Each structure stands twice: as structure tokens, then as C-alpha cells.
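Once you have looked at the hints, place chain E on chain D.
There are 2 protein chains.
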Amino acid sequence: MKASQFFISTLKEAPTDAEVASHKLMMRAGMIKRLGAGIYNYMPMGLRVIRKVEAIIREEMNRAGAVELLMPVVQPAELWQETGRFEAMGPELMRVKDRHGRDFVIQPTSEEVITDIARQELRSYKQLPKNFYHIQTKFRDERRPRFGLMRGREFTMKDAYSFDRDVESGTRSYQAMYDAYCRIFDRMGLQYRAVAADSGAIGGDVSQEFQVIAETGEDAIVYCPTSDFAANIEKAEAVGLIAQRAAATQAMTKTPTPGKSTCADVAELLSLPLAQTVKSLVLATDELNDKGEIVKSVVWLLLLRGDHDLNEVKTSKVEGLKNGFRFATVGEIEDHFGTKPGYLGPIGLKKPVKVIADRTVANMSDFVCGANEADFHLTGVNWGRDLPEPDAVADIRNIVAGDPSPDGKGVLAIQRGIEVGHVFLLGTKYSEPMKATFLDENGKPQPMVMGCYGIGVTRILGAAIEQNHDERGIIWPNGIAPFTVVICPIGYDRSADVKAAADSLYAELMAAGVDVLLDDRGERPGAMLADWELVGVPHRVVLGDRGLKEGHVEYQGRRDTEASKMALAEVAAHLRAQLAA
Amino acid sequence: MKASQFFISTLKEAPTDAEVASHKLMMRAGMIKRLGAGIYNYMPMGLRVIRKVEAIIREEMNRAGAVELLMPVVQPAELWQETGRFEAMGPELMRVKDRHGRDFVIQPTSEEVITDIARQELRSYKQLPKNFYHIQTKFRDERRPRFGLMRGREFTMKDAYSFDRDVESGTRSYQAMYDAYCRIFDRMGLQYRAVAADSGAIGGDVSQEFQVIAETGEDAIVYCPTSDFAANIEKAEAVGLIAQRAAATQAMTKTPTPGKSTCADVAELLSLPLAQTVKSLVLATDELNDKGEIVKSVVWLLLLRGDHDLNEVKTSKVEGLKNGFRFATVGEIEDHFGTKPGYLGPIGLKKPVKVIADRTVANMSDFVCGANEADFHLTGVNWGRDLPEPDAVADIRNIVAGDPSPDGKGVLAIQRGIEVGHVFLLGTKYSEPMKATFLDENGKPQPMVMGCYGIGVTRILGAAIEQNHDERGIIWPNGIAPFTVVICPIGYDRSADVKAAADSLYAELMAAGVDVLLDDRGERPGAMLADWELVGVPHRVVLGDRGLKEGHVEYQGRRDTEASKMALAEVAAHLRAQLAA
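Chains as they are written, first to last, in my numbering: chain D, 1 to 581; chain E, 1 to 581.
Just chain D, same shape as in the assembly:
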């Protein structure tokens, strides 16, 4: 490609609404252009990257035996009503009526439609297993779209769906997709981690996320450097940090802590370690009648060690909290504890409260907690002696770095990640309600075991940039760069020697199948080189009159600190070696 036949539009400054590096750099590099909140035009430079990402995905999906089809963007509501997601998905699901007033959705994902296809097309065990995928425009009406392509409303997703006769076969299909995803992200040159994940709204039994490692990631990933344990922090099990409860050594004492409403402040005031304090969080659950009115509420007290944080996903798996919970109102708190938040504790309650202790708290002794009286805490508190055992003990906290790994093989570390892929073994969550059955060898209908497998095509661009950029711009991995090589001739329009050398190198690389761009725009050298550092082309060759007279051109990899001189005749071979590496 010659630059004059392409469209290049770079900006000195990013728009003020761009918050993260990838968003700023994609805007500055002219890869995307905002059309509305969370809706972007993919400009020619950005589209080239998308197409490369799609091509890698397509090749590896096909290699793994998946078959490509294409399901519509606008889907009839009926199928979504069959699974209940038409209502359940809330405002994220974009709903639209046609001219006849019939309901449709703009697809955010395609479980319903593919299951509808499968229940019509896959009738016999002989047709199984089968894996269908498509790469299609999706729309999710995010409450707060942000970070450019990282959390847009309209985006491109590859979603695949496997259909198997049983869980054993389904697990093989799942593993084949897991392996394909590893190949895909390897080929894209991304540093990533596959982590155990919570299945969330999609449902299912087993799921793993593919997280691109980046400091700016929205997700926290827990991993054990000395074993293969890795999980999203939402999912990662936190073991109890105290193996056995120690005997009480202190008497329970009411201690004035005026104005000290946090565990950290109390620990500092009392010169105690933060790990000696217990924090109280108050939740509530509601019982509704047929009309959806609250008929009864239950208040819950959750106890965490002062240096720990609540994990809401794990909390939602505690018996009694599975159907949803909310934080209690100040009124409910005063009603049950007799005081305001900041001095709450499990002792001296006004009304019955369900007490859930985190695993670590359950084994603490001589601990500090609120006295249920403003400006007072209790010290030397001990389970059994000062208060009854909790109603339940559960893992309700987030992992912190340094916690023991649940597999017993080391100590956990935490890093940030950007979720770019997610594989789910769904089981029969969709095939049961939608009656997607096949006939087994005995002619008996059986529900198909499904898996679903997503890759955020457009989000990959954001994630790759978050992981690979510097102060000058983007640094694309070879596999997904908009162009692999850029030839920058200094004085292309002035020097016949430069033009001849640039043209000949361009022709040579094109003939070798290298995705090369020749910058024939006639820009000033500084602006030209800055453009390509911003755009992030991984390999650059600069040719100028002076160098050519001395018999050399300059090669520089985008991560190299300086250029290497080499003979024009050697450049192509050098580039091929770089690209093969």
C-alpha cells in the first residue's frame, strides 16, 4: 500500500474525553472516530487491525473444527422471551419495535438464535458434536460507555457455540476452544493469562477468562507464580488465614474511639495491628409478594478482617443471599444496631440479625470491633465467650497479594487484566428451556450440552495497546499491526535516488508478501517519523540521500532505542528474519 492511496489522519492531541492510553492513542493515530457515546467509526487504519484480528480468529476457529455462519443483528424478541432474557437483561439490551409494532432486540450475543438453529438442524446424535461461530456486530447499551473500544456500546464479537451429546463430549469441545484461544492470543503477540471465572449472567458450570495483562485493566487477576492457579479476583478462593482459633487472652473492654469510624483509624489510635480489627458490613434481603411489594426484610451483618474487602460475587453465593441483596439503609442499621455506621459490631444488637463471618474472622481471637455505640469500640472480643458463634462462616472477601494459594503450592500475586475472551461450559441452561434436544441411539430425546465462547474483537485493539505503548505511541505486535513495515523515504519527491531505492525495496517486500506501506506523502521527516511511531508500525526503514551515498539505509524496530545501518540489499532479508522471529 502506498500512503497516497490510503487515508492517514493523525492528531497532535487526544480529545479531552479520552481517559486511557489506548483510547487516546487510537484517536490520535486516526484509527477510530467517535460517532456517539460508545459508538465509533473504524477508520481505515483501525479497520486494518480489526481485519487482521478477525483473520487470526477465523483461521484458528476453522482449524479447531468450528463452522462459520452469520446470525442477524436485529433479532425477533420471541426467542429472547423463551429464555426469559428479554426481561432479565435489563436496559443493556437494546429493544426496538418494527413498523408493525413487533418487538426486536439488537443482538448483544446470540445464544437464543443459535439454539433455535440447533434445535431445528441438529436432530440426531450422529450430527454431534457441532460448533458454530460468527463474527458480528453487537450492541450493549452500557450505562457508562468509556475507554474507547474497551467498553463501547457497538462492538464486534466473535461468538461460538458448541453442541454436544453429553458433558464428557462437551468438555472436549470446551477444551478445544480453550486451546484455540491460546493459539489465537499467542499469534496476536499478546501477554495474557487464562483464569478461572465466575459465569455471571451467561450462566453455566465452568468458565475461564482470557485476560490481557495490563496495569490499566478493569479486572484483578489472582495467580500463583509457583503453580498454575489463576482466577479472576471475583472467583478466586480466599483460604482462612488463621488455621485454628487461639484461646482468649484479654477481657472484652469498651474503649472510647471518638471520631474513629474506620478500622484503620481505630488500629492507629489503639496502636494495634489492622489485622486485629474486624469490620462490619450490613446487608439486607427482601421478601416480595406477588405484586412485587416488600413484605419482609432480613438484615445481615457481614464480618471481615479490617484489612480485607468484601467480594460481592462470592457473597451472592452465600445461602440466603443467592437471590439478591442490597446494602441496608441507615434506618435499618439504626433500628437493628442502635447506632450509626462506623461503630457497628456483632455484640449488643437491638433486633435479630444474621451474622456471616469471613473464614479468617471466624478464627480470630482478642479482636476489636464496633461497640454499637457512637465513638466506642470493643477490644479483646472473643467468639463463644463474648458473642455466639456466627450463623455461617463463608469465603466473602477478596484475595490480597501474599495470601496462600488455594492449591497449597505457593503464595498469591495480583495483576490487572483486560478480559478479551471468555469460554463457558453452559450445560443445558439454554437447551432445556428452548427444548433443544437430539435423538440418541435409542431414539430418546436428550438435551444438548452447550458451550459458548466469546472474543471481543474490537476490545482486543484497546487491550493490545494498553499492553504495548510508550510515550511516542502504539507498539503493535507483528501479527495485528495495521502495516508490518513502513518505508520512510526522506525526499521521495525530490531525490530520484531516494525514490528509486524506496520503490525497489517496496516492490521487493510486496513480492515477498510483506504487509508494507510506502510513505510517499512528501511529509517533513520529523512529522513522517512521528506519525509512524504514533501509529505503531513495528518495523521501519528510513532511506535518505546521505545514507544511500554511503551505501546504507536505517532499520529500526519500534521498541529499539536506536536505528541500525545496513545495506539496502540486506534490508529485505533482515525484515523477513525479524518477522519470522
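It is possible that some hints are incorrect.
[What the hints assert, rightly or not] Covered stretches of chain D (chain E as the covering partner; in silico rule of three or more C-beta atoms under 8 Å from a C-beta of chain E): (1) 2 to 12; (2) 72 to 81.
[Unchecked claim] Quick partial rundown of chain D residues pointing at chain E, CB under 10 Å, derived from the structure: (3) A37; (4) R143; (5) L288.
For the record, the hints were derived by calculation from the structure and aren't laboratory data.
In this text, all values refer to a predicted model and were calculated from it rather than measured experimentally.
The beta-carbon is built from N, C-alpha and C at its ideal position, and this holds for glycine as well.
Relative to chain D, chain E alone:
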């Protein structure tokens, strides 16, 4: 590709709602699957054709210097309000609100968005000309979606938009697209005709349609076999058939024609040629006040020769009818003509009526028309003597086969066509209201001259099949077949010789880059061959034990009436020759 790794699903019978051949055959061949009215899943077999169509379009667009980008499916209403099309487009435009109640449209086309991009990105004459295109999902909420992919609601369109500094340059961009379209449809192996067209709702000065010739086409195409004149019947000029008005030879006579309310019946009754009769059509135009209420209506009488039909597109270009017209009500007709339809004519009106004569009618003499009295016509009617000259003479009729070509170079013929492409020189229709200007050499802002260029990607599948099928199924042209060659081994799972021969031919063709499918499903021979005739793979090789023992396999082109025997070793060369042809 091996069939066992693909998804093949053929049907003996087409669903009853499929009306035309292409719809029936695509359903039966498992290429598409209905999801809702005018909304289809593109199944793996159909998607392969779509991808081949897209690839040809992309290559030729790039060759023509157009640059690909991708604009969103969901577009903010603001831009559509700038051009007035948010209201003007009516119910075909699918409108949707997001969670904040903001208006969006599901794009039916992208003039607004690309003009928004151009007005921000193209600021100087130095950046022009530029041509951007995308291949994207579109939605038009058709009142009556039908014929499968021919008139769907969700479909894929390639739309390109050119931006030029003036009409001269814009015309060059237009011509470049015209030429690219010819290459595209040539490569697809379609018989087509480029015809002058009416610009319709898109607007603009010049436009041509690319029509795939097919008897079932919705459009009538007028062409001159002895010149290059070709136009959509909506647009094709009908010259007056009578060069000069002859002198009157008959007296005007009121003649009883009881129950004969059509020109054909009257001509038969009176033993006169139909070309001696004149038919009367009554239209009305309304003048509205600010509230949209009718304050005044004008009645129009349109006179056509008895054997001619009204052309509404041409009629809408007559002075006074440009802002819309309707057929008059029976009440209005009785009020102005004193009688019911069937016996209307221009003589003896009760109230003033605007009279428009078609060019041919204006030069008729001694003609027959209604007497404005039930069961009576007038014969021997002559302009000037019996009635005043018409208020206007205009071309308001459809061409009929045998009419002289407007270029004077022959006689016109008519054939049916399916519109698959349309090129428009838009001028400044969008750039003026959206203020898409560039700075010329003098630093003065000038509106960009635009062109737009569409190809109905998914409709091409329907059109290609309408043009290329027989009683056994589809006959794909080589360039867009889902597979170019199918190898059908008889007894692949039983005979080691057959398997070895089939595998070796498959490997040889794959290595040669031929898009070949090996049918390894183990179907019965009859069902297997019927499947591939239905799907329409253009080249087939059948291998069986008996033939292999005799040293031959059977090759058959999809249009061939019988198979040719040839040595296994010769097949690949034979196929390459067929594909190169």
C-alpha cells in the same frame, strides 16, 4: 474442505412462503434460514458465497482507489435530522431509543455519517478526491419483505462515497466506480446491463443502475439492441410516436358503448385499432395549510393512448405535480366530469381541470375518448376543433417494446432485471445542508461534490440464482460458488481404492489453490449427487470402483447434460482449464 468438517443441510421441499426460485433454492440448499420476516441467518453454505462476493467487491474497490472503513450499524439521529431524512424516510427507517431516551437509527445507508466524517477530515483541496467505502449490515423496515434475500429487511450492502472538488472531478470519480462495477459483475459471471436510472429518494443529478438480467426481476429495463441506449423503464424517455398531427377527416360523433368502460373493449366494439383510442386518468394535487390540512385541491386529467400505460416517476416530474399527487376520488371525478370512471374524456367538463397530454396523444387526430356520460364515447375527436390544446404536453407513459430509441439508432426492446448496484452522482445534496466544505487554493470554502455507490451484497445471491438455475437446483458461476469443485466418491467409506483416489485428487486440488469440497459423508450416491446439483457447485468429479478399475473418473460441469470420462491423472489439469476459461 471436507464435508464432514462442514455443515450441509438440504431439504427436499421448499417452505411454502418461498415464492421465487432463488428463495426456494437457497432455503432448500441450506444457504439461508429464516429468523423472522425479511431476516435470515446466513448458514455456512450461504456465507461462503457472501464472502466470495465481498472479496471480489473489496478487491475491485481497492483497485479503483477507494479506501475501506467501517461505519456503525446504530447511528445517532442528530445527523439524520440535519439532512431531514430522520422524518422524511418514513417507516422504512428503523428508529430506536437508547436507555437515556436518545434517538438512534439502524442504518439503511450512510450518507449522513460519511459526510460527517468528510467535513471533519477533508479540509483542503489537497486531500481530494477521496472515496471511502464499507461493507456493512443494513436494515430497511420494508412494508412487505419478500423473495428471500431479494427484498429482505436486514441485508449486507457495500456503499461507497466519493468526495471531489468540482463536478468535473466528481464525474471522473463516478466513472471510476462505474468501471469498477463492470469489473465486479464481470468477475461474478453475471449477465447484467447498466441502465440510466431515476435518482429517487437518494437524490442527485445522474445515476445508473446495474441490473442482473432475469425474467423474474422486479424492474423493467429498456434497451436498444443496435445502440448503447439502456434505461430503467421508470426513466427511459418515450418519444412521441406521431411526428406531426394529421388533419381531421371525421366529424366528432357521440357513439353508444354500453358497458364498454376500457379502451380495449371500445376499440373492439367499434372495430377500430386500440391506437386510435385515448384513455383518461384523473389525478389530484392538494394545497395544505400550516396545520397540514387540505385547503384546496386541483384535479388533473392525464391523456394516454389506449395501448399505453402511465409512468408515475415521469409524471412526478411534470410542472405542478412535482410535490406529490394522488389518484382523484370518485367524488372528485363525478364532481368534475359528471360521470363515473370508464367514460371520462376531455370534452364537456363540469369544472376546470388541468389537462396533460402524453406526447403521442398530443399529435393524434380522429381519436376516440369517453363522452363524460355513462355508456357513451366520442369518436372522430380532434384537437383544436373539438377541444382546446392541452395545458401541457409531456412524456408520461412507459416505453413499450418496438418504440423508437430516443437516440434515434434503432427500436427498443424490454427485458426484466434485478437491481444489484446503483451509482449516483449526488452533487451537493448532502454536503450543502451538512456544510461539508473544503478550502480551495484561495482559502475559500467550497462544498464537496459527492457521489454514492451501492452494491446489494446479499441480493446478489438471489439475483445470481434467478439468472442461473434449472429444475435440479442452483448453477453458481465459478467466481461466487460456495465451492468451485466437489469430489463425490462412491463408497468412500467402503473402498480403499476410492478413498485413496479421492484423497489424492483432493490433496492435489487443494495444493493448486482450488476451492474444492470432498464429500466424505458416506451418503447414498443418488442423494449425494442430488445435494450438489441443488447446491449448484459448478464442477463435479465422481469416482467409483468400477470406473477406477477401467482407469477413469467422471467429470461433469453443472450445465453439462452428461459426464465426461477421463483418467484420474488428467482431472486436475482439466479442472484448471475449466476454471481459467
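Quiz item: Can you list which hints this structure breaks, lowest number first?
Solution: 5
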